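Student: Listed in order, the protein sequences are those of chains F, E and C. Residue 84 in the numbering used here sits at position 79 of the first sequence, and the numbers go up by one each step. Residue 1249 in the numbering used here sits at position 144 of the second sequence, and the numbers go up by one each step. Residue 135 in the numbering used here sits at position 83 of the third sequence, and the numbers go up by one each step.
Accuracy of the hints is not assured; some may be wrong.
[As the list claims (entries may be wrong)] Here are the simulated DSSO-like pairs of lysine-lysine, each with C-alpha atoms no more than 30 angstroms apart in a straight line: (1) C:K77 - E:K1218; (2) E:K1213 - C:K77; (3) E:K1140 - F:K545; (4) E:K1355 - C:K77; (5) E:K1228 - C:K98; (6) F:K540 - E:K1228; (7) C:K325 - E:K1125; (8) E:K1225 - C:K82; (9) E:K1125 - E:K1140; (10) E:K1111 - C:K98; (11) E:K1111 - C:K82; (12) E:K1125 - F:K545; (13) C:K77 - E:K1108; (14) E:K1355 - C:K325; (15) C:K98 - E:K1108; (16) E:K1218 - C:K98; (17) F:K163 - F:K545; (18) C:K98 - C:K82; (19) E:K1228 - F:K542; (20) F:K540 - E:K1225; (21) C:K135 - E:K1114; (22) E:K1125 - C:K82; (23) F:K581 - C:K82.
In short, the hints are calculated from the structure, not lab data. Remember, predicted model here, so these are calculated numbers, not experimental data.
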Amino acid sequence: MNEIIFIIIAVSALGIFALPKRSQYYLMLGTQIFLAALTGYLMYLSFNRIEPLQIYLFDLLGNDVSLVIDSLSAFFIFVINITVLTGALYAKGYLKPYLRDKTRLEMAWHYFNFLILHISLLMVAMLREGISFLVFWELMSVSVFFLIIFESEKQENKEAGIKFLIQMHVAFYFIIAAFIICSIATGQNIGFESLEQYFKDYPAFPVFLLFFIGFGIKAGFIPLHTWLIHAHPAAPSHISGIMSGVIIKMGIYGIVRVLTYIHSDLMPIGVFILIISIISGIFGVTIAIVQHDYKKLLAYHSIENIGIIGIGIGIGVMGLAINNPVLASLGFAGGLLHVLNHALFKSLLFYAAGSIYQQTHTRNIENLGGLMKKMPSTAVFFLLGAAAISGLPPFNGFISEFLIYTSLFKSLMVSDSILSVTLLAGIVALAVIGGLAVFCFTKVFSIIFLGTARSDKTRHSHEVRSSMLFPKFIIAILIIMIGIMPFMMLRPMSFVAGVFVDDTSSLRDMTGTMSGISLSLSLLIVFIGILFFIKLKLSKVRHTDIGSTWGCAYTGSDPALHQYSATSYAEYIIMKAKILVGVKKHFRYLTKENIFPGESYFKTGSSDVFEDNLVSRPAGGLLSFMEKIAVFQTGNIQHYLLYAIVFVIVISIISIFGII
Amino acid sequence: MIKEIKILKQHGIQYVPDLKGAVLTPLFRGRPVIKEQPSEAETEMLIRLCPSDAIVTVGGFGIDIGKCVFCKECALACPNKIEFTNDYKIATNDLNNLIVRQGDSEIKFNEEKIRPEVRKLFKNALKLRQVSAGGDNSCEFELNASGNVNFDMGRYGIEFVASPRHADGIVITGPITENMAEALQICWDATPGPKVLILVGTDAISGGMFKNSPAVKREFLDKYPVDLYVPGNPAHPLTFINAVLRLIGK
Amino acid sequence: MGVGLVLILITSLIFPGIVSVVKAKIAGRKGPRVMQHFYDIIRLMKKGNIYSRTTGFLFQLAPIIYFSTLLTAVFFIPVGNYKALLSFEGDFVMFAYLMASGRFIMIIAAMDTGSGFEGMGANREAFYSLLAEPVFFIIMGSIALHTGHNSFYDIFSNLYVESALTYFVSALSVYLIFWVSMIENSRLPVDDPQTHLELTMVHEVMVLDHSGFELGLIQLAGGLKFAIFGSLIFNLVLPIQNSYFLQLTFFPIVQVIYAVLVAFVESFRARNKMMRNAQWIITLSALSIVVFLTILIIHEKVGMLP
């Protein structure tokens, strides 16, 4: 049975190369739907079981490689399938303009990698054996690399792709190192099973830290995030959506999977995760506020949401540490639910951003404006995503943040003073992150869609075709459903949290609260409906007119010039968070000698302070050091022969004197 | 804060308690009365004397206080024929009622001309937007004073607001210069209906001394019905407040 | 059950009137009538609208959504012994986020006009409310910790002001909630609703383009916000829970005192320098941490004298 499935998938994957350009897409989509259905079935089987579902695959170097699916894996399978499928549906419309310019091979390679990505994501979520896990992990990174550099004509895309690849391999080395340590210390094979034994015998924190750094680079915790902010803008939008939605969540998956094996040292680990997550959340959203490239901005928001997920997971771990099942189950449930929610609204935002890019060919929000009139559906979807990411009711972001808040407030009561202060810091951090997200997204949405056009880049824009709107619509329905009827998620989340905690009754007890939320949201909708109805009735009797915006009747110039710009909107935050956002001004002073001033310039830009200090400076230092060594590479064969002779002489001397 | 409260106590009552029954100093130049018809020669002289062509001879002798700048030259020239009383209730909604003839004891308000929606909507609250259309700022000062502690028209719910969208009407002062004509039109268009149009001051009602100037452009007033004329140069706050109160039916 | 709701709704109509009357008296004016705010809203409901060409359906929908979120938020607040109609664990989080939703859509509507004025007000509003959010959460967190409960009703019905430290906590919380309400309603010292200088306004300038029915809803919402905070303050100062009658009489008294205090602040305090506003609001957040630490002391978690 397994062989048949494997053959089908292999044939489809390779068959993509054989087909003409138009049909390649459908083969890929079909295979992905097949995979989703298959894994969906496995997911369904695995829920409701106490023991994880095991399916034997093959033998590798004498070890059994099986798919091991517990509730956690099943949950991630669900997230992966939804995001990849909606991304694939979206890709049809998004890639259409590229079909003309790209060759058949290029498109086939893209679809092929997309398919490989889907497969490797699913396998990573389902495998426990080390070597196969690492193989598919690496395959995931490589396929994403090729997907990122789809538009390889642009130099910056290639650079972004290479930065991505390098950082993924740095992460890979950390993960391998951690696995090897566990394997050697316990004498078992490389894999997650060895962790069980290792964490029983040795202190957990050091190896956990190795895993955390490795998986954390993938997830995008600060200060390990620097690949994210280049890869997301460079990649085509359907890939960016999947990257933010699912690929960085595999980092979370790795961390959480490792956590399932740890039973000691939990408090320091929990506090550590909490602090890094708070930092990621606040920094991520603050730096997002000053960006002008909307895709980079969305990338920074992904970092912020990873922070929120981390806060939930940190709380969960702390709950395990003090043996409080309420805390643990609520914390994990909130953090992991946010994985799903973020995948939904972030992919929605990226797809909307992709539609904007397709119509305007610019990523700079300072050139946009007034798109609401031209692209109303995209605008509404973007607004939905923006409200969801800010955690506002009645959307899904609020539900996961609510769960995390509840866990924080409940745990306040049973903790000692230092822990209380940490928890309060978490509460304040969540509140501030929410407020900053509102700030940032009102800015982005307003500058892009509202007001009047700031340049003529929007002149030829129109609404995108329905194949691009349809996946956004599906995601929007899911967002609203989770937001208004949160009790449907309680049961699945209690299974997922059950992987960590034995007693998840507190989650089931939340049914009352969730019903309360639904009730209040229904009340809200009823009020809106009543007032809207009144307004409709009134507008028939009242005198309504259309005019221009009141600007104090200034007749001097075009009102579009008076609009707020993105930089002005963000000004307060820039002023207060100068160190963080690193907004720098470059300009040349006007000299006093000239009566008529000559040409001058003024430029503002922001740079990521972490990237500057952790990546660019060391890399620059390393490169300049390398350049000094490079004097030995003269290209002259006589010199190389000389090096060889010197080397032989040195070795002979050393061995004669018996040092080696 | 204690200091401020002490100062308040020292001031005593600062507001005019009864705005409708207040009595102004006899020096105030309010409604003129024509005690006796001037002779032909005197009329000739007065017409030449009046700086703003306010003398009306059609249908008998009269003074059009919509054009009068209240300089009192005519009263000084013929003191037994013309006298300026301190009656400040000189506003009306009908231009014809602004002409004072012999025997008139008050400026009449034309009740039929008041639009019904004005009475229905604005009885308890009226918000106005002031447009300063190029005058000498004297009426603006007085309008400002209408809202101060002394006169406090806010007690009736009458207020000047910032945005025409929030307003129920426009109060125009100044002769409407060419530079302000477009801005005035934009402001009027930005006010939601039903709305009132009020002209305050001689400059606004008739153009005052500037009516023959090429810089003045008054086509705006031909387009829309004016709800209230408040004469005066400048109009006294009590005039304005009583006029508006009369308009909204208080 | 719905008594609290009715009380809050009545207060929302009268509260701004009381503020205006007291302000006028302090200034030496005769002052408008107490019901003037209400008459203003009636007038607005009868008027027509003018919509800008630049705006879309969001602009017309926003005040409706804003008012609805506030109205829904009212349902969460208990008044003394009268339980709120919506009560569950963690409801104060939902309360805070509902108000944030309302603010979000109003900011979007303000930017929809494409005018520099509204943009200015919008970003200031977003910034100040962002800074003021933590105050509410820290105070609620502290008193949740103190009473061991998680919903508005449970917290307030168990909040007994007995020892000196709890008096201090209660007083400081009321002080902080008072200032938060001034920020949320865009009053002094953050913003001055009387100055019609767009460069220095926050909330007034955001609603510059609304007219008619929508403007009426926004004004109603202003009063409602005050009433909501007034009820929160009432809950914080109420010492014991027994007689319904006592609470019914005490409630209006507290609201009137609150209104008078608002009027006093509006009359005697000047507006902060615009750049200093952020600092001032963060000071409030810092003070709320004092509340938290006091609660920790009360529960002897920090090993000091109660």
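Student: Does each hint fit the structure? Answer for all of them.
Tutor: How the hints compare with the structure:
Between K77 of chain C and K1218 of chain E the CA atoms are separated by roughly 37 angstroms; this puts the pair beyond 30 angstroms, and the hint is violated. With a CA separation close to 35 angstroms, the supplied pair K1213 of chain E and K77 of chain C exceeds the 30 angstroms bound. Distance hint between K1140 of chain E and K545 of chain F is unfulfilled; the C-alpha atoms sit about 55 angstroms from each other, more than 30 angstroms. In summary, the hint linking K1355 of chain E to K77 of chain C is supported, as the alpha carbons are separated by about 23 angstroms, within the 30 angstroms threshold.
About 12 angstroms separates the Cα atoms of K1228 of chain E and K98 of chain C, which keeps this hinted pair within 30 angstroms; it holds. Among the hinted pairs, K540 of chain F with K1228 of chain E is consistent with the structure: their alpha-carbon atoms are about 24 angstroms apart, no more than 30 angstroms. A hinted pair counts as satisfied when its Cα atoms are at most 30 angstroms apart, and K325 of chain C with K1125 of chain E does not qualify at roughly 41 angstroms. As the CA atoms of K1225 of chain E and K82 of chain C are separated by approximately 25 angstroms, the hinted pair is consistent with the 30 angstroms bound.
Distance hint between K1125 of chain E and K1140 of chain E is fulfilled; the C-alpha atoms sit about 26 angstroms from each other, no more than 30 angstroms. Of the pairs offered as hints, the one joining K1111 of chain E and K98 of chain C is violated, with about 43 angstroms between alpha carbons and a cut-off of 30 angstroms exceeded. About 18 angstroms separates the Cα atoms of K1111 of chain E and K82 of chain C, which keeps this hinted pair within 30 angstroms; it holds. Distance check on the hinted pair: K1125 of chain E and K545 of chain F sit about 40 angstroms apart at the alpha-carbon level, beyond 30 angstroms; violated.
A C-alpha spacing of about 16 angstroms is found between K77 of chain C and K1108 of chain E, which places the hinted pair at or below 30 angstroms, so the restraint holds. This hinted pair does not check out: K1355 of chain E and K325 of chain C have alpha carbons roughly 42 angstroms apart, beyond 30 angstroms. About 44 angstroms separates the Cα atoms of K98 of chain C and K1108 of chain E, which puts this hinted pair outside 30 angstroms; it is violated. At most 30 angstroms may separate the alpha-carbon atoms for a hinted pair to count; K1218 of chain E and K98 of chain C meet this at roughly 21 angstroms.
Under the criterion of a C-alpha separation no larger than 30 angstroms, the hint pairing K163 of chain F with K545 of chain F is inconsistent with the structure, at around 58 angstroms. Simply put, K98 of chain C and K82 of chain C have alpha-carbon atoms about 27 angstroms apart, close enough for the 30 angstroms limit, and the pair holds. For the hint linking K1228 of chain E to K542 of chain F, the alpha-carbon distance of about 24 angstroms falls within 30 angstroms, and the restraint holds. The suggested pairing of K540 of chain F with K1225 of chain E holds, with an alpha-carbon distance near 21 angstroms, which does not exceed 30 angstroms.
Of the pairs offered as hints, the one joining K135 of chain C and K1114 of chain E is violated, with about 45 angstroms between alpha carbons and a cut-off of 30 angstroms exceeded. As the CA atoms of K1125 of chain E and K82 of chain C are separated by approximately 14 angstroms, the hinted pair is consistent with the 30 angstroms bound. As the CA atoms of K581 of chain F and K82 of chain C are separated by approximately 44 angstroms, the hinted pair breaks the 30 angstroms bound.
Hint compliance for this structure: hints 1, 2, 3, 7, 10, 12, 14, 15, 17, 21 and 23 are not met, and every other hint is.
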